[in-house]
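S.K.: Model the placement of chain B on the given structure of chain A, informed by the hints.
Chain by chain, the residues run as shown.
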Amino acid sequence: MALLQISEPGESPNPHQRRIAVGIDLGTTHSLVACVRHGVAECLPDALGEVILPSVVRYLAGGGRKIGAEAQAALALDPENTIASVKRFMGRSLQDVTGASKLPYKFADRPGMLGLHTVQGEKSPVEVSADILATLRYRAEDTMVEDLFGAVITVPAYFDDAQRQATKDAAQLAGLNVLRLINEPTAAAIAYGLDNGSEGTYAIYDLGGGTFDVSILRLTRGVFEVVATGGDSALGGDDYDQALADWVLAQTGRTVDSPTDKASLKQAARRCKEALSATESVAFEAQLTGSKLVFDVKRTDFEAATQSLTLRTLNAVRKALRDAQLVVQDMQGVVLVGGSTRMPQVQRAVAAHFGQEPLTNLNPDEVVALGAALQANQLAGNSADGDLLLLDVIPLSLGLETMGGLVERIVPRNETIPTAKAQDFTTYQDGQTALALHVVQGERDLVADCRSLARFELRGIPPMAAGAARIRVTFTVDADGLLSVSAVEQGSGVQAQIDVKPSYGLGDDQIARMLQDSFSTAEADMRARALVESRVDADRMLLATQSALRADGDLLAAVERDAVDALMAALRATVASDDAAEIEASTQALAKGTEAFAALRMNRGIHKALAGKNIAAV
Amino acid sequence: MNLQSSDFELFGLPSRFAQDRANLDQRWKDLQREAHPDRFVAQGAAAQRLAMQWSVRINEAYQRLRDPLKRAAYLCELRGAPVNAENNTAMPPAFLMQQMAWREALDDASTMEDLDVLGQQVMASRGAALQTCAALLDDQGDATGAVQQVRALMFIERFSVDVQVRQDRLEAAERGQ
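Respectively, the protein sequence lines represent chains A and B.
Each residue of the first sequence is one higher than the last, beginning at 2 in our numbering.
Each residue of the second sequence is one higher than the last, beginning at 2 in our numbering.
Hints listed in this document are in silico derivations from the structure and should not be mistaken for laboratory results.
Predicted model only: the values in this text are computed from it and were never measured.
By construction, the Cβ of each residue, glycine as well, lies at the ideal position given by its N, Cα and C atoms.
Among these hints, one or two may not hold up.
What the hints assert, rightly or not - Sample of chain B residues with no beta-carbon within 10 Å of chain A, all distances over it, derived:
no., residue
1, 79
2, 87
3, 129
4, 140
Unchecked claim - Calculated pairs, DSBU-like style, for lysine-lysine (alpha carbon to alpha carbon, straight line, at most 30 Å):
no., chain 1, residue 1, chain 2, residue 2
5, A, 263, A, 320
6, B, 30, A, 320
7, B, 71, A, 320
8, A, 422, A, 609
9, B, 71, A, 67
10, B, 30, A, 169
11, B, 71, A, 169
12, A, 107, B, 71
13, A, 609, B, 71
To be verified - Sample of chain A residues at the chain B side, in silico, Cβ under 8 Å:
no., residue
14, 179
15, 181
16, 251
17, 328
18, 382
19, 384
20, 423
21, 424
22, 477
23, 600
24, 603
25, 606
Chain A extracted, bound-state conformation (with noise of 0.2 Å):
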């Protein structure tokens, strides 16, 4: 185990001293951990030196997983115990996937969130991405000497709630702390942006293996300000796969209905796909149970068949352009994200719409990651300037359940994040005590057309006549795009307790014996770990914490200043010892005791931004 070395700031740079963070990449097909490393954003390579990590995971029977090449050789082989392209079942019910039965698995419907059954018993997608994840977060820690400080992850921009909170859990049971969820046309930006030094209005169309983005950034100075963003997260390249195979398949009169053979099929058709955006015609060929499918394929057959999903994607492209109120004409630049936007398709029909040639001098299926590996850098404190603004929206309106079913919307789409929105609710009842809210995520007028996000229930309510009581409701969307909810009955100040029930999400018990169960925990002795994280929480702490005296410690009276010592001094005591559960409660300590003295640094730090702006305009 690392040292941990806790010296003054301020001392000269010493690698021991900088923090480590990663971005990680975690795509449909593909996912990538990435770090900056002397100044520059790389991503990292595993053993064998390749840096993309497969997104598929293979439950073996009698314990243990493969994950990554190793279990995509695996696909047809096994196919309802190898899971692929798992992010398209994060935060989305069996009902919500199409073509579910054209894929080899075996899935459980839950409400929420679907689950898959393998030869290891029932797997969440939360489980089977926390493996992913957690292979990254291994491969970041074998790479490096210092402990991972966090990670910054991406998300498709127009991931819901739903999704996003999947992800979040998964990166919990990877062991993983999240500094942030940033959307990927955004880190896209980022990687470019830096790179290239300019200023203006871009598009970025970002084409995955599962989703697809399109994001309108205004970039002015290092800040990325996103203007709208549109996509569909269920369209990608493996429709184009899907799309192919379906064409093949019409065209020889032959039918599929082995697991195997649909996941033969499906890989056949990637080949076959990926060779046409390289030569013009090609066999497509696919081993099936009793003989071998071939047929030959013109790269003009395939854009045929696959003709209507890049139109979806221009569908979405103009109505983000309508959100942001531009048009093509305005755009500096359009950049082409994601390996599905190899296909000379995809190029013609982006550069045709946007009259101007896209950009695409970094790699494709690196440039999220490196973006995320960029921002990582910034939010662990590396970079002294704070060059790096993301100003990032909500994508996709917030809304509740009123009478008839009907949605009333609170937070419009595309509004800047963080965001907070209060609406006021009385009682109908003598002496009710609680009110029940329906959230739900989307564009549609019906709760039944919309995602639903969440029952919160207000309880504690003080009993009063009917209609007396004026609660107010605040609905805050964080930078994560995240909701939260709080509420205070307003005569009489009260705070009600809100029960939140998830349509979607793991409760508290199920991610506990998730964590006990999890890869991340089995192979390494847990005490051990879990006294790592408590060190390393130590040293955040106290990183924080001399910084902030340094900084503004004449804002302490002398007294207050002494007690902050105290609990410094008593948790470089405990880091010492072997307790991880003493190490924490010191954590603790000081967080608590050091409160105070944040809010009076923050009230410090926005008046001076604040009282530099006090010039009257002309």
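M.R.: Frame of chain A; chain B shown alone:
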């Protein structure tokens, strides 16, 4: 200055309707540089909570200040003449006639050209109402008078959205979807 300061105070701008949009955008970004939660990720939960409050407040102020209709309504409220749209629904007869004529034109419209023409008329009305509003608020200090314009603008905005929806549908139909 605190979280309860007015939007104008927060942004260090004069409390009037006429504003420089580029200046407003720049101040928003400068303020978010200081307050955005991303700045405080490594500084503990309390600092992040406070940053959230400020960042949310700054975004709220920006949304209000950059939209002419919201800005005008806000100024009326600040100057003691709240718009109170749900309770004040009466409008001058001439205005209501205009609205009905527009409705009919929208119902009758069958081509993109028809909708474009209607759209232009609506834009022109909006522009005129905004100009009158600006004069009432900035030159004549007449907030009560401005409220009338704001309410008219709310009608115009709602109708403008309906025109937009028709345009979207027509465009989709023309593309064969």
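S.K.: Confirm or reject each hint.
M.R.: Against the structure, the hints:
1. 79: holds (17 Å)
2. 87: holds (13 Å)
3. 129: Non-interface label on residue 129 of chain B holds, nearest chain A Cβ at 21 Å vs cutoff 10 Å.
4. 140: holds (17 Å)
5. A:263 - A:320: Not satisfied, since the Cα-Cα distance of roughly 35 Å exceeds 30 Å.
6. B:30 - A:320: Judged against 30 Å, a Cα distance of about 26 Å means the pair holds.
7. B:71 - A:320: holds (24 Å)
8. A:422 - A:609: Roughly 27 Å separates the two Cα atoms, so the pair holds.
9. B:71 - A:67: Between residue 71 of chain B and residue 67 of chain A the Cα gap is close to 56 Å, so the pair fails against 30 Å, i.e. violated.
10. B:30 - A:169: Between residue 30 of chain B and residue 169 of chain A the Cα gap is close to 28 Å, so the pair holds against 30 Å.
11. B:71 - A:169: The hint is violated at about 36 Å.
12. A:107 - B:71: Status violated; Cα separation ~53 Å.
13. A:609 - B:71: holds (28 Å)
14. 179: Result: violated, 10 Å to nearest chain B Cβ.
15. 181: Holds, about 7 Å.
16. 251: violated (22 Å)
17. 328: Violated. Min distance 14 Å.
18. 382: holds (4 Å)
19. 384: violated (11 Å)
20. 423: With a minimum Cβ separation of about 10 Å from chain B (threshold 8 Å), the hint on residue 423 of chain A is violated.
21. 424: violated (14 Å)
22. 477: Holds, because the Cβ-Cβ distance from residue 477 of chain A to chain B comes to roughly 7 Å (cut-off 8 Å).
23. 600: With a closest approach of 6 Å, the residue 600 of chain A hint holds.
24. 603: It holds, given that the least Cβ distance between residue 603 of chain A and chain B is near 4 Å, below 8 Å.
25. 606: Hint on residue 606 of chain A: holds, closest Cβ of chain B at ~6 Å, below 8 Å.
The earlier numbered hints that this structure contradicts are 5, 9, 11, 12, 14, 16, 17, 19, 20 and 21.
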